[in-house]
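One line per chain: the protein sequences are F and V, in this order. Each position in the first sequence, counted from 1, maps to that position plus 11 in the numbering used here. Each position in the second sequence, counted from 1, maps to that position plus 5 in the numbering used here.
These are computed hints drawn from the structure, not numbers from a lab. For every residue, glycine included, the Cβ atom is placed at its ideal position computed from N, Cα and C. It is possible that part of the hints are untrue.
[Unchecked claim] Every beta carbon over 12 Å from chain F, so not counted as near; a handful from chain V, in silico:
1) SER49
2) ASP147
3) SER170
4) TYR173
5) GLU190
6) GLU267
7) ARG287
[Stated by the list, open to error] SDA-like mimics (lysine to any residue), calculated; alpha carbons at most 20 Å apart, straight line:
8) V:LYS44 - F:GLY116
9) F:LYS55 - V:ALA17
10) V:LYS44 - F:ARG121
11) V:LYS247 - V:ASP284
12) F:LYS60 - V:ALA17
13) F:LYS55 - V:GLN16
14) V:LYS247 - V:VAL279
15) V:LYS33 - V:VAL48
16) V:LYS44 - F:LYS232
17) F:LYS60 - V:GLN134
18) F:LYS171 - V:GLN137
19) F:LYS171 - V:SER143
20) F:LYS171 - V:ARG138
21) F:LYS232 - F:PHE134
22) F:LYS242 - F:PRO262
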Amino acid sequence: MDRTERLLDLVALFLDATHPVTWDEVRDAFPDEYAGSFDAAQRKFERDKVELHELGIPLTHVLETDETPAGYVLDRNAYYLPEVGLTPEELAVLYAAGSAVLASGAFPGRQDLAHALRKVGFFADGPLPAPRVRLELGGVADARELPGRLEVLWGAINAKKFVVIDYFSPHTRQTTTRKVDPWGLALRRGVWSLVGYCHLRKAVRTFHVHRIRRAEPNAQKPRVADFEVPKDFRLDAYVASWPWQHQFHQPLEVSVRLRGELAPLAEQLFPFKAKRADETAELTVPATDLDGLVTYVLSLGADARITAPPQAVDRARALAQRVLDAHQESAS
Amino acid sequence: MTASAEKGRTQAYERLRRLLFLVPFVSKNPGRSVDEVAKAVGVSKEELLEELDLLTLVGRPPFQPDDFIDIYVEDDRVFLHLNQRLSAPPRLTAAEGVALAAAAALLKPSAGGALASALARLEKVLPPQAVQRYREMSRQLDVATEAPDSIAVLTQAIVEHRELSLEYSGLGKGEHERRRVRPLELFSHRGQWYLSAFCLTRQGQRFFRVDRIGAVELLAERFTPSTDAPPRALPGTGEIEKPVKVRFSPELAPYQQERFGEAAVTQDDGSVVVTVPGDSERWLTRWVLSFGGNATVTDPPWAIRAVAQAASASLRSD
């Protein structure tokens with residue numbers, strides 16, 4: 012009997028049962044499947060139970076009572092998806108996001124996502140919304156390998172298995188092989204990062220997924236966790252959302268002034284509350300990558316200025332001067 | 006366990022997961038065509054027919070004729086006879102919940118309250134034993150997007166098939182034009198959001214850059230969208246408008262090769278040259294400035310002058 016068939020038969024058996032199903036009854040129902048010694052058969056059934064559990068099928072063992080024998084029970088209420096009760100707007104939003112992600116390719120857990128969308132749409136009356144929103148994720152020219160890599164890493168994160176990766180550094184232009192405990196994946200500005208414990212560097216490290224040339228998860232004992240993620244771990248602490256957040260030096264408080272058409276946009280351009288006066292907006296940015304902040308401010312144009320401290324003001328002038336010099340030379 | 010055994014396990018898991026959805030789906034929607042059912046379950050027609058074959062073998066002990074799932078195809082339509090069991094799909098697994106929540110987070114700015122309430126409802130229908138795992142895993146997938154706030158109203162208009170009146174400043178600088186459009190699709194490409202729409206003002210299909218859209222008004226007029234897929238051509242993928250050549254210093258070269266791929270041409274000194282559209286002078290000058298002197302426009306002269314002017318504007322004292 013095919014394994015899928017046996018598992019489905021088990022689901023049917025337990026969903027139909029009106030009393031706890033004893034182990035003897037299970038064996039009697041599938042004499043060929045659970046043949047052999049008692050221990051071997053029991054182990055096989057335990058593996059099937061784990062598989063069912065992963066599919067969201069909660070099989071529990073209950074003790075003997077006056078009325079019923081000891082046996083396995085499937086709680087129908089805990090199994091069946093209830094009506095989620097989503098409003099049309101809520102369903103539309105979930106479908107907009109979900110279908111955009113599925114179309115983009117580069118997103119971990121795509122199978123899970125596709126199933127989730129089917130399930131939340133199960134009770135919908137009428138056709139499912141097909142909003143047209145597309146996202147381009149990955150941020151690199153050659154993203155062919157990216158979807159597969161993300162699936163492998165997400166699988167290893169879920170199963171808590173270490174991965175061996177070949178990682179290319181554009182800085183050194185070398186590829187190193189490392190063993191990494193994958194703790195999580197983060198997407199920032201279209202670029203995916205893997206954060207995990209690097210056994211080569213003996214520290215938590217962040218890797219751009221598109222620079223991972225090979226990723227092999229540990230295939231030994233797939234159901235046994237290789238590591239635990241620290242309780243206080245937060246991805247956000249390891250991936251820079253903003254260009255001044257790379258951890259390059261001690262935090263430096265930098266003052267930024269925005270005027271003209273930039274002033275009303277202050278809170279969109281910087282994730283801080285701005286002080287406003289005379290059609291300007293002033294912000295204080297704690298930078299751990301001063302050049303990241305300086306080039307970001309330059310990219311906003313002449314209506315954005317760094318006003319303090321002098322070290323940051325000078326750096327902004329120096330970089331703008333470099334740009335000017337390079338372009339005056341080539342113009343002449 | 007070997008890698009191939011692991012793969013076999015994953016395939017069995019995927020198959021079972023599909024079947025546990027397929028049976029309730031046919032039960033709720035009897036008489037749908039084979040194609041429709043295949044699409045709803047996410048498999049090809051051939052795969053679906055294989056799954057239906059397997060399902061006819063599934064039953065419960067003692068496996069008498071009435072104990073099997075009675076699923077069959079008649080005149081290319083799928084029917085099912087079964088008693089109460091498998092009347093609904095299983096609840097979401099923790100992994101399914103996390104994937105959906107993470108995808109939804111990508112459109113956070115556009116979704117507002119509807120997204121938060123949808124996610125709250127979803128968490129309520131996770132099986133109790135999966136809630137803890139869901140919370141744990143939610144920490145392990147973290148996505149942030151830069152979708153501008155205005156995509157909220159644009160998404161709403163697409164979903165509700167409503168016409169929009171928008172202020173648009175095209176290639177010319179500064180001047181705003183009012184356009185009335187039927188929004189079709191919203192997408193991001195190379196970090197830029199675009200609205201694809203039928204422009205009623207210009208009577209034609211147009212792409213609008215979302216960052217050049219000013220005030221937007223959601224109109225009461227609804228339209229029936231055509232069932233054809235919206236045009237798939239991406240702006241900037243064909244002939245590059247007003248091409249500008251930009252050279253990157255050797256130290257930045259590997260990063261730009263990643264981003265531009267074969268379009269980045271390596272020079273003898275290790276630097277690379279890329280060609281980008283110069284249709285927006287403002288975008289061009291700011292982009293070049295953001296590399297702080299490691300990117301230099303080499304051609305054409307107007308673009309070199311524009312960057313030099315932008316750099317001196319940043320140097321001028323207030």
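task = Compare the distance between the alpha carbons of LYS44 (chain V) and GLY116 (chain F) with 20 Å, and conclude whether the hinted pair is satisfied.
result = With a Cα-Cα distance of about 18 Å, the restraint between LYS44 (chain V) and GLY116 (chain F) holds, given a limit of 20 Å.
request  = Measure nothing beyond the straight line between the CA atoms of LYS55 (chain F) and ALA17 (chain V); if it is 20 Å or shorter, mark the hint as holding.
outcome  = Holds, at about 15 Å.
query = Does ARG287 (chain V) sit more than 12 Å from chain F, CB to CB?
reply = 7 Å, violated
inquiry  = Minimum C-beta separation from TYR173 (chain V) to chain F exceeding 12 Å: can you confirm that?
reply    = The assertion about TYR173 (chain V) holds, with a minimum of 16 Å to chain F.
query = Can we confirm that no CB of chain F comes within 12 Å of the CB of GLU267 (chain V)?
reply = The claim breaks: GLU267 (chain V) does not keep its Cβ more than 12 Å from every Cβ of chain F (closest is about 7 Å).
query = Do the alpha carbons of LYS33 (chain V) and VAL48 (chain V) lie within 20 Å of each other, as the hint requires?
reply = Holds: LYS33 (chain V) and VAL48 (chain V) sit about 19 Å apart, inside 20 Å.
ask   = Can we trust that SER170 (chain V) is non-interface, i.e. its beta-carbon lies farther than 12 Å from all of chain F?
value = 20 Å, holds
query = Between LYS60 (chain F) and ALA17 (chain V), is the straight-line Cα distance small enough, at 20 Å or below?
reply = This hinted pair holds, its Cα atoms lying about 14 Å apart.
request  = Take a quick look at ASP147 (chain V) and tell me if its Cβ sits farther than 12 Å from every Cβ on chain F, holds or violated.
outcome  = 4 Å, violated
message = Check whether the Cα positions of LYS171 (chain F) and SER143 (chain V) lie no farther apart than 20 Å.
response = 14 Å, holds
task = Measure nothing beyond the straight line between the CA atoms of LYS55 (chain F) and GLN16 (chain V); if it is 20 Å or shorter, mark the hint as holding.
result = 18 Å, holds
message = Check the hint pairing LYS171 (chain F) with GLN137 (chain V) against an upper bound of 20 Å on the C-alpha distance.
response = Given that 20 Å is the threshold and the Cα spacing comes to 16 Å, the pair holds.
Violated hints, in rising order: 2, 5, 6, 7, 16, 21, 22; the structure is consistent with all others.
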